[in-house]
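Using the sequences and the accompanying hints, generate a full structural model.
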Amino acid sequence: MLRRAALCIPGFVLLAQLSLALCPSGAAHAQDLLFTIEEAQFLLSDRRRPPPDTAPWTPLRLPDDWNVSRPGVAGTGWYRMTFQLPPGPPVPFTVLFKRINAHHLVAFVNDRVISGGGPRGAQVFRPWQQPERYFVAPALLRTGENVVHVRIEADASLHQGLHRLIIGAAPQVMQRFRNLLNLQLFPLPMLSGAALLAGVLAFAFWVRERGDSVLLWFAVTALAWAAVTWPWFTVSGSDAAGNLLGAIAFLLRFSPIPPMLVLCLRLAGRPMIKSEACLWLFTAAGLAAAYSHGASLSGALITWWTGVYLALLVLLLLLIASQRDRRNAALWLLIAAATAAILLNAHDYGRWIGWIDFDNPTLAHFHVPLVLFALGANLIGRHFDAIGRIERARIELESRVAAKAREIEATYARVREAERVEALASERQRIMTDMHDGVGGSLVGLLGAVQAGRTDAREIERRLNEVLQELRLAVDALEPVNGDLAAVLGGVRHRMWPAIEDSGVELQWRVGELPRLGYLTPSVILQIQRIVLEALSNALRHAGARSVSVDTSIDAGANALEIRIADDGSGFDGDSVTMGRGLRSMRARATGIGGKLEVHSSPAKGTAISLRLPLTGEALPFAA
Amino acid sequence: MQSCLNPKVRVALVEDDPEARTRLQASIAADPSLELVNSYTTGAEALAGLESHAPDVLLVDLGLPDIPGLDIVRRVAGRYPQCDILVVTIFGDHSHVLAALQAGARGYLLKGGATRDIALGIHDLRNGGSPLSPAIARQVLDRLQSAGTPAPGAEAESDPDESKLSAREAEILNAISRGFTYAETARMFGIGPATVHTYLKRVYRKLQVHSKTEAVFEASRRGLL
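Chain order of the listed sequences is A and B. Note that the numbering used here has the first sequence beginning at 1, numbered continuously upward. Note that the numbering used here has the second sequence beginning at 625, numbered continuously upward.
Just so you know, not all the hints are guaranteed correct.
Just so you have them, the derived chain B footprint on chain A, three or more residues with Cβ under 8 Å [what the hints assert, rightly or not]:
hint : region
1    : 472-483
2    : 488-494
Pairwise CB distance ranges (calculated) [unchecked claim]:
hint : chain 1 : residue 1 : chain 2 : residue 2 : range
3    : B       : 676       : A       : 449       : 46 to 54 Å
4    : A       : 457       : B       : 666       : 26 to 34 Å
5    : A       : 415       : B       : 666       : 48 to 56 Å
6    : A       : 560       : B       : 769       : 24 to 32 Å
7    : B       : 813       : A       : 429       : 42 to 50 Å
These are calculated hints, taken from the structure and not from any lab test. Cβ atoms here follow ideal geometry from the backbone N, Cα and C, with glycine treated the same way.
Take a look at the structure:
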């Protein structure tokens, strides 16, 4: 009848109830007394006072779930229990109800009411599992047998009834009471609060990032979890039955599960439209079933339906995990959480149908933190995956750009090489032509003269010097001057120095600083050299001048550079100038390199030859 | 400083071509202020002969059969710094002249020039250097100005300032590269022609240092040093 014992708890809730198991035992002192009452007598009677011991009591064992022991009954029943108090000084006692599981409850010790709220009792049906304790004055107790009566108004369809009673010295029982609060009551606001925060946060993120439906489903799931606990905190009226209420309870308890499933499906892979449609159909069927059965069956329906849902979820996740990357730890975590949810739910279902100790608290809600944690891990995993993908894509892109750049560079190098080879070929061609027409021609002419016997030594020397001069000019044209036209002009002067000295003509050299020209290739240089050489030679030899000037000037507006060779000699008549063979060839040379030659000549003012060249421009092809 | 004590400039020449040698000898003989002390036909002969008779001026043909002319220039310039070296070339093109200047030559003479040009060139040289062609002046300018930032690793071997052009040296080289004569250049900067020669002497020296710096840098780059 009286037993000092720890609670009998199934193994898989051991962890949660570890603190409860640590109860004191075997103490002889009254201070340490603690009784767990498992054996009772029951009488179905709506009396207000405890029925006499002679009434037709039936023995039973606690806990007593009316839905199991007397299905279909709704009414008032009495329980009678006893415990033996050893002799000792009187101490304050406390009676602990692990859960008030009835519409109304009144408790008596030795025929005196100990629960508050008058003879009808203060307690009303609470859908959630709040423990309750009542104090027993030491004066009420007596050494030897003491009798406890409990009157409840209960409804079998609501799984109401009486749990094991715990009676003992106030400190021990209060410790139990606090443990039960910690286990059965306090986690709920904490869990729903956490779910609410997570849901709001996820929703805020979704508002920013509309494209990610996973975030939205996470928010819906978490907010639904927060909503689930709402009826647990409300105290409903005594008449809880009714189809609508049952369906609402079903809906609320149930609301997180379909979105959670959708969320898991979306997290696990691409949206599976058909699976989701089946899910919603199943949910609608559950609601319809709950509505048609009313509150009477909603508890069982909730647990059963939830179990099916979760089993489906685990199956789907396993399927997905088997197809996808098996090293995806977050997915396995989710499967573990879903499996834990199934077990917790199975526990509750077993409790409903009487397979598992009815005293156990319902545990299904503990899967909220597990699943939220797993989902959060998945979301974070997705986040890091996305970052990784972006990073890989960036690296990939960079390497592709680099490869492309190398390709372009290689192509460019090939083009440049081809251009260089072509330029070399054309340069070679030019030099050949030049040798043929210039030095070659002069030498052939000289050879002819020598063979014909016209061997005037001074004439031969003069002509040989000319050939040498020509050769030196050609070599000069090949000198790298880095686009410095002034150095080219200086070179002509340098080569002509003996001739200028000999002529006695005063040379006014006014070559200024010139911008580098990009197109000064050897062939262009040679053309410029020849034009200037010809102009200077004409001035020295034919014009009878006293002084010759060479000036350079820049006309930035016209993008032009001018070389002006002027003498104060006799000049030419306009018509004969244009006919002059030398001038015509100079003009052709100027045109060939993109320049322009102008000749102003009058007997009074002498001759001025002006060569205008562009300031900018690419290397020009050689024009003969 | 022998020229101060003895007005006759002692000239030696290395030339393998008999005709060219004859012409050079004739040119020197025609000038009373010059004295031909030796003419060698091979590089080895010249290096051996110079041991006993170091001249004031050595004319070197770059195309000798046994030893590359540049090697002779380098060795003589190293061993007899007081001996001025002139290289003899047909065209006076930059690849020959610049290499010779870097090796330590003080100027160049054109083969096939008039007889008096040879003597003039030698006198110019004694006064500070033979005329640089504008193209070569441009080359020297570009080369030494890009040396303004000395090659890394070269600092240890030589003072970077040793091969850096001063502003005035750069201006003078610039004027010469534009075709101005030494006299015109001197007028342009309000200095005497002798000062232009002094500046150019320094430029030659820097060119020589620069080429050594470059060689050191190149050697260390290739892992030879």
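Each hint, compared with the structure:
For a cut-off of 8 Å, the count of residues in the region 472-483 of chain A with a CB near a CB of chain B stands at 8, and the three-residue condition holds. Interface restraint, the region 488-494 of chain A with chain B: holds (7 residues with C-beta to C-beta distance below 8 Å; minimum three). For the hinted restraint 46 to 54 Å between residue 676/B and residue 449/A, the CB-CB distance of approximately 49 Å keeps it satisfied. In this structure, residue 457/A and residue 666/B meet the distance hint of 26 to 34 Å, their C-beta atoms being roughly 32 Å apart.
Hint check: residue 415/A to residue 666/B, Cβ distance near 49 Å, so the stated range 48 to 56 Å holds. Look at residue 560/A against residue 769/B: about 28 Å separates their beta carbons, and that is inside 24 to 32 Å. Evaluation of the 42 to 50 Å hint for residue 813/B and residue 429/A yields a pass: the beta carbon distance comes to about 44 Å.
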